[in-house]
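*Asks:* In terms of the UniProt record's numbering, the sequence shown opens at residue 1 and continues consecutively.
No lab work stands behind these hints, which were simulated from the structure alone. Please note that a few of the clues may not be correct.
Label pairs and their in silico Cβ distance ranges [stated by the list, open to error]:
#	residue 1	residue 2	range
1	N21	V110	18 to 24 Å
2	K28	N94	17 to 23 Å
3	L83	V110	16 to 22 Å
4	L17	G85	19 to 25 Å
5	L83	R4	38 to 44 Å
6	T6	G31	40 to 46 Å
DSS-like mimics (lysine-lysine), calculated; alpha carbons at most 27 Å apart, straight line [unchecked claim]:
#	residue 1	residue 2
7	K113	K28
8	K102	K35
9	K102	K28
10	K35	K113
Every residue, glycine too, gets a C-beta built ideally from N, C-alpha and C.
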Amino acid sequence: MRRRLTADAPSPRSVFLDVPNMPWEETKFPGIRCKTLFTDGSGMATLLMRLEPGAEVPLHEHTAIEQTYVLEGHFIDEEGECLPGQFVWRPEGNTHVAWAGKEGATILGVFLKPNIFADGRPFFTEEKAGD
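Generate the whole structure from the sequences, applying the supplied hints.
*Replies:* Written out as structure tokens, the structure reads:
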């Protein structure tokens, strides 16, 4: 077994996921499903999200940097749009509404902390943080 370089201990093992065979999870948002690829219990999460055509992520504020890579479709907000292969990151404090275009969207999102929603609805990473 490989040893760590910075401590006298075994190297922790990698975690491999069979993402195509993972079930899609429903979210609190109509038309949006996700697969949780990583969560650490604090709200940090990596999510594969599928948005149906026109599905909306309602008004929210980012409490830390959010990174989004578009795999399929069209992901839009008031500031711009991303097509397949494009990437957007939003700084802490960014407040916006996001939605999928007419063909829907599949995106990979990396969240450092849960978002805060204007209507008080918990973001699904907040619920997982207490698990």
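*Asks:* For every hint, state whether the structure bears it out.
*Replies:* A quick look at each hint next to the structure:
no.: 1; hint: N21 to V110: 18 to 24 Å; result: holds (22 Å)
no.: 2; hint: K28 to N94: 17 to 23 Å; result: holds (20 Å)
no.: 3; hint: L83 to V110: 16 to 22 Å; result: holds (19 Å)
no.: 4; hint: L17 to G85: 19 to 25 Å; result: holds (22 Å)
no.: 5; hint: L83 to R4: 38 to 44 Å; result: holds (41 Å)
no.: 6; hint: T6 to G31: 40 to 46 Å; result: holds (45 Å)
no.: 7; hint: K113 to K28; result: holds (17 Å)
no.: 8; hint: K102 to K35; result: holds (22 Å)
no.: 9; hint: K102 to K28; result: holds (21 Å)
no.: 10; hint: K35 to K113; result: holds (17 Å)
Checked against the numbered hints above, the structure breaks none of them.
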